[in-house]
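Colleague: Okay, here's what each chain looks like letter by letter:
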Amino acid sequence: MPIVVNLDVMMAKRKMSSGELAEKIGISQANLSILKTGKAKAIRFSTMEAICRALECQPGNILEYRDLDEG
Amino acid sequence: MWNGEKSITLSKCCILFFMCVLLAVVVSAPWLINWFILFSQAGLEGTEFFFKATIYVGFIPAACLLYSLLLLLRRIEDGQVFITENVERLRRISWCCFFGAGIALVSVFYYYPWLFVMVAAAFMGLIVRVVKNVVAQAVALKDESEYTI
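Those sequence lines, one after another, are chains V and U.
Residue numbers for the first sequence follow our numbering, so the first one is 1 and each next one is one higher.
Residue numbers for the second sequence follow our numbering, so the first one is 72 and each next one is one higher.
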C-alpha cells in the first residue's frame, strides 16, 4: 500500500513506548501493533485524533503517501 | 429448543445420509440399472454400460461435493464462517455441480431425462457460485472492519 504509517518515528521522537501510547489513546497493544506494522486497512478519525493529541503532532506526521512506482 | 447448533447437526446428518445413499447406489449400480431397465419399459436394453459409466463417473463429483459440504459445516460449527477457506470450499462445491451437470449432459445422448438432472445440477452450481461471491465479499468486509483501528 502506498500509504506509510510513520507512527514509530513519532513515538521515537516523543520517546513514548507502545504500551504508554496504547493506554493514552485507549486501544489495545495488538491494535497499535497492526497500525505500526502497516497492516491496518483504515484508521478512524477518533483514533487519529487521539494519536495526534497524545503525540502532539499532525496527521501528516503519522501518515505519508509514497508512490511505489517511482522506486 | 431449536438452535443453530442443532440445525448444523441436522445438516451433517443429512449429508451423512446422502453419503450412505451415494455409496449404496454405486455398490448396487449393476442390479439397480438392470431393475430400472426392466421396469422402465422405455426400450433401454443395451444401455447398461452407459448407465454404469454415468453413475461411476458421477460418483466422483457427488462424493467431492458431499465431503466439501461436510468440511464446510465443520468449519461453521467451529465459528469460522467468513474465511477465505470457506470461499474456496464453496467454489469447489460449485465446480462439482457443474462437473456433474457436464456428465449428465453427455448422458443425454442415450437417455433424455438426464437433461433434467443436468439443468438441476447446473442451476445448483450457479446458486452456490452466487453464494460464494457473497461470502467472498463478506470476507473482504470482515477483513476491512477487523483491520480498522
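Since the hints were made in silico from the structure, they are not lab data.
Note that CB positions come from ideal geometry on N, CA and C, so glycine has one too.
There could be a bad hint or two in this list.
[Unchecked claim] Straight-line distance between alpha carbons at most 27 Å, and here's what the computed BS3-like set of lysine-lysine pairs gives:
1) V:Lys36 <-> V:Lys24
2) V:Lys41 <-> U:Lys123
3) V:Lys41 <-> U:Lys77
[To be verified] Negatives, chain U to chain V, calculated, CB over 12 Å:
4) Ile104
5) Ser111
6) Gly114
7) Leu115
8) Cys135
9) Leu141
10) Gly173
11) Ala211
12) Glu217
13) Tyr218
14) Ile220
Colleague: Which hints, by number, does the structure contradict?
Modeller: 2, 3, 11, 12, 13, 14
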